[in-house]
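Chains as they are written, first to last, in this note's numbering: chain Y, 2 to 250; chain G, 2 to 250; chain E, 375 to 657; chain W, 375 to 657; chain H, 487 to 792.
Note that these hints are calculated values from the structure, not bench results.
From the three backbone atoms N, C-alpha and C, an ideal C-beta is built for every residue, glycine too.
Warning: the hint list may mix true and false statements.
Said to hold, decoys possible - When the alpha-carbon atoms are kept at most 25 Å apart in a straight line, the in silico DSS-like pairs for lysine-lysine are as follows:
(1) Lys-126/G - Lys-178/G
(2) Lys-65/Y - Lys-231/Y
(3) Lys-231/G - Lys-231/Y
(4) Lys-218/G - Lys-231/G
(5) Lys-558/E - Lys-126/Y
(6) Lys-222/Y - Lys-178/Y
(7) Lys-222/Y - Lys-221/G
(8) Lys-126/G - Lys-643/E
To be verified - Output of the computed footprint for chain Y on chain G, the stretches with three or more beta carbons under 8 Å from beta carbons of chain Y:
(9) 122 to 133
(10) 159 to 165
(11) 176 to 188
(12) 192 to 199
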Amino acid sequence: MSIQVDKVSRTFQGTLAVDEISFEAKQGEIVGLLGTSGCGKSTILRAISGLDTEYDGTVCIHGKETRGTSRELGVIFQEPRLMPWLTVIDNVCFGLTGTKEENREKAREILRVVGLEDFEQHYPKQLSGGMAQRTAIARALVTAPSTLLLDEPFSALDAFTKLQLQDMVLELWESYKPTMVIVTHDIDEALYLCDRIVILKGQPGELHDNLEITQPKPRKKSDTKLAELKEYILESLDISRTPKQRKEA
Amino acid sequence: MSIQVDKVSRTFQGTLAVDEISFEAKQGEIVGLLGTSGCGKSTILRAISGLDTEYDGTVCIHGKETRGTSRELGVIFQEPRLMPWLTVIDNVCFGLTGTKEENREKAREILRVVGLEDFEQHYPKQLSGGMAQRTAIARALVTAPSTLLLDEPFSALDAFTKLQLQDMVLELWESYKPTMVIVTHDIDEALYLCDRIVILKGQPGELHDNLEITQPKPRKKSDTKLAELKEYILESLDISRTPKQRKEA
Amino acid sequence: MAISQGHHAEKESVFKSVIKVKQKERQGMPAFLKTAGLALLFPILLLALWEGVTRFGLVAGHLLPAPSEIVGTIWAMGVDGSLWGHMGITLYRLLWGFFWGTIVAVVIGSLVAMSRNAETMFDPLIQAFRAIPSLAWVPLFILWLGIGEPSKVTLIALGVFFPVYLNVVGGIHSVDRKLIEVGKAYGLNQFQLVRRIILPASLPSFLTGLRSGLGLGWMFVVAAELLGASQGLGYLLVLGQNTLSPNVILASIVLFAFLGKVTDYALKKLQTRALHWQDNMKN
Amino acid sequence: MAISQGHHAEKESVFKSVIKVKQKERQGMPAFLKTAGLALLFPILLLALWEGVTRFGLVAGHLLPAPSEIVGTIWAMGVDGSLWGHMGITLYRLLWGFFWGTIVAVVIGSLVAMSRNAETMFDPLIQAFRAIPSLAWVPLFILWLGIGEPSKVTLIALGVFFPVYLNVVGGIHSVDRKLIEVGKAYGLNQFQLVRRIILPASLPSFLTGLRSGLGLGWMFVVAAELLGASQGLGYLLVLGQNTLSPNVILASIVLFAFLGKVTDYALKKLQTRALHWQDNMKN
Amino acid sequence: SGESDAGASSPETITVDYAYYSPTSLVLKDQGFLEEVFADENVEFEYVLSQGSNNALEFLSGGSVDFGSSAGAAALMAKGNNAPIKNVYVYSQPEWTALVTGEGSEITSVEDLAGKKVAATLGTDPYIFLVRALDEAGMSEDDIEIVPVQHNDGANLLANGEVDAWAGLDPHMARQELEINAELFYRNTDFNTYGFLNVREEFAEEYPEAVEKVIEAYELAREWAIENPEETVEIIVEEAGIDASVAELQLERNNFDNPLPGQEHIDSLSAAGEVLQSSGNLDDTLSVDELLDDLIDPSFAEEVIE
Ligand SMILES: Nc1ncnc2c1ncn2[C@@H]1O[C@H](COP(=O)(O)OP(=O)(O)OP(=O)(O)O)[C@@H](O)[C@H]1O
Ligand SMILES: Nc1ncnc2c1ncn2[C@@H]1O[C@H](COP(=O)(O)OP(=O)(O)OP(=O)(O)O)[C@@H](O)[C@H]1O
Ligand SMILES: [Mg+2]
Ligand SMILES: [Mg+2]
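Isolated chain Y, as found in the complex (with noise of 0.2 Å):
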């Protein structure tokens, strides 16, 4: 499904946070949202899934204006949000509608990916960050939904468990082409994996580049291409700083 968000911005008590931000993702497109930390990539998200419904402009999924939450997305928090109450393999379980075997089976599947097939019996307090994250990551695939909003899913990976599920989205994308968009904070990941990469800055924030990225997927991380729109985008996002202030850093 295509996603327009269309002069999106949010206000919170009188303070603008999000200003007119417009971009789209088109069916089976993945799309990188990058900016600096608190310029609005999770209020976007927000507004995008339908948890948040006091934006101003519109949002269009499959062309048709929607405000409000639906099955065919699947969201991947900045938190791992998991239900203390519930095992791992009970939360991964969670959104599935199936009977309880089917469930189980298809949640232990994916628990395998993710590498959690010994912890499927542990509560949540009982995990390690990452294994938390994981387990929320494994919540959110394991539906297969048709578009999916990811934010900061790996952020709270070591660097080898990070690629290898970012292979694992990428494989995931190949055998249905989800419509997905990604909000991260590592540019070597957005590159990775985005067709497009929208770039937010300031506060309130604002869109500041809208780049695609033509490359076939998967990619090689030493790319020179990739290269050079990573120094493109490390610039851009530096630019947006007053002259004072970076002298200052």
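Since the structure of chain Y is already known, use the hints to place chains G, E, W and H with the ligands on it.
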């Protein structure tokens, strides 16, 4: 203050999570703890901080065996753990013991450094993920503790903010040379900040390597010696996986 | 070295948000009226029904006097001044009882919640006492404390104690260990931990306990005023029962409800105030 | 493609941990004894003191009969069989009242907590009724529901209702918005949200409410058994007061305390069971 | 009598109760007879309201009051439970209880009660009255269905027809007579136990002269009440907050003639005691006669009333 970790093991409900880890952080040294997700980094940090006392083995701080917390230690947790009923500035003041005005002054200063001067009256629920983490960093640093334990302090931050805060930590370190133990997923970060890198691997986590880095700080990201080390570390982490798994990945 | 984001808020958008705030304010009036309407709907329906069934003789007046009659009774008491005496003394007893009951509950509750030994020592006994009805305490209080004001206040405090205690213990038990660890990392001692982390974190549960306790305090007023009172709402109730005057009984019920509502309202305001930091559906 | 960590646990360390578990078990016995000792310390001291003061005539027996006498009274009731009748019928009334009160409180409480309109409509009225003492309800219940069992059960249910209601509302209000959003993101409807997220998340508060409600239910037993009961602990208490027999009064108090403790213990077990997932100081 | 050196014979404060079921006590409080009698002594008085006999007796047992007013049977039961009290004066012979039905009921005699629901408050005077009435008619408690409720609830149950009859008590009974035309189908003054003024034994031993003086004041109040019935009604109305007509009816049924505890009281109570014992309200291993001997002590009143 120096920290000696000697044969620390930790068992949770009969399962070994960390197995006889030993390393040392000399007075004024910055030690990085690297390792895959769930290998016990946070567990070790909790043992050092004295929050967990049920481990086997000993932890010596300043040559004296200790089990229990002390005011000398500053801790940054893997999650922000802000008090939801306190505003940003009150959260930062949490560990200060001076008069209210003094505390506020100090807190304001450090909030300016982490870029939150405009948010001092916000409550945690009004902060973005990165802002919350920055508040937690400010809270730990404002007391200028002689030993700092940091559990993935910058993982929730975008590339820029992260770089700046890394510089801030280095500056702080230069000003009064606290001993630090930093858990991190980011090998670059470890190479940029640390005098020594301790690598854990496996589950239960075991000591895999203990590298000393002699390059003077501040270091250049493009240093070739460091690039070599990175290569080495990446490989050594990878070696811990069995061949079959590597093929699968 | 400082990190900061540019403030590129354009004039236009600031302007927009100002307009929006104004709009919300304008919508405020009818919304307020709607709230008041909803809030009054049920009580008014109830009153109308009540007045109706008594007016048209569906229920005999000597069993259930009409609301107007009850208002008349209260009015008469107001005119001859006795009303204020009854309300004042009851409120005075209640508030003192509430005060002491709460303090003791917080102290013992924190102790029990924080220490396993204290729990095994005190909790079983407290739980056993909790089921003893207010009326049953009356003879014991007469025996131990006589029938002065202290005895009445203590009995009310006893009533307040239980729910507050329960909620303090429950609240403390569900405080997130993660936050407590922050305090421990800063080397706070047990007392500071309670004051700076555990109490604020268990505040929601504590405030619910306070409201529960206040309710039970009101329930204990009648028992307390059996301890030789000649004034007060509980006295009025028992008097009404002893002289079989439904007017007086219902007047005292209405006054109980009224004062109960007023005191609870104060606590509810406090609750909303004190918990504005909560990240829940309402805030 | 799968991520997994090597299992390098050496034989030695597995062995070590087994030994450690064994050691803990061995320490268990004296710890258990210590707990029991602590738990019994106070009640036994209290009993000894009580028996002492009455034996040595420090308090006259007509005011406070010795524990042994009370046990005698209870024993006599047990022998002639009336004891089981009193306890059984009261327990039956209480449990039914508890059941209904809880159900209604959960339904209305969820409604009020989830919808602002429901809150403005119902909450003020409920809060007002909360302060009306149990005794005051008696004439009204006689008027409305007569004096059968339903009337008694309803009165107890009313008592149970208030604390449960308050804790349900308070608990739901303090559910973390973050978790609710997860449910919403999965497209759960209002009812599913309540069942799958809000209820489990507010379980700690709810269970505290249940225990509070049970306590209040016990308090309302006396009022309920004023509704023409000829059996039950409340009846026994009132009879004791009317016939001025401290023996009977205290026997009923002891039975109240005993049954209250037993029922509360069951709930407390349930609480510990149901909340083992909590990340708090105890777990 | 009554004369003594100030201070030695009386305590600093004397606590007496007052009760709406004892008009004399209301007059006593309202007219300040105690203050009058003790005028030359430095004694303070506290007046404590008793809501009922059991309330008064509880206060007495706990030492919260020195003098308490109760029904005779209640005092007997308390004595049976070792309460350290003495009856020193009879403030009235009230006809405060009778058997009541609703207007137009087919129940006209005690015999008609067979198989019917009768509300009564266990252990109290109306209950004793009911049991004695049944006994007199050759019936027992088992022949009817007793609904144990409090007095006021019994009145309401009768009013809304939930019970067929009620062992009533004033002022509820007077009120029901006036409001729903309730009928007192069985009355018997002799089955009413008397209004007893009780003193704590300890107090009586320590301050016998003060006891006499209190009785003296009660005598003044009794005489005043006999002479001023209208004013007495007014006092009741004001204190108890009941209608004048109810108060009048109640006062009418009070006989203030014989304040001196004597044989008629002992006879009445020993009959009541038997009923209490057979119904399990009083320990049947006790001897009622001994109890009464202990309880009733006319010596003080005899000193005063001559
Ligand atoms: N509930 C709220 N009330 C008030 N302000 C809020 C609220 N939620 C977010 N904000 C503000 O909106 C801005 C953007 O927040 P958002 O969470 O979208 O940032 P972000 O881009 O996701 O940052 P990060 O990378 O740190 O997660 C911040 O300035 C924050 O203070
Ligand atoms: N309270 C607990 N109960 C049971 N097991 C626990 C508990 N805390 C941690 N563990 C286990 O200990 C192991 C190490 O956890 P730890 O939090 O130290 O990992 P970590 O190295 O910090 O991982 P991450 O990088 O994901 O934060 C994990 O397997 C985890 O399941
Ligand atoms: Mg965010
Ligand atoms: Mg960790």
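- Query: Which numbered hints turn out to be false for this structure?
  - Reply: 1, 2, 12
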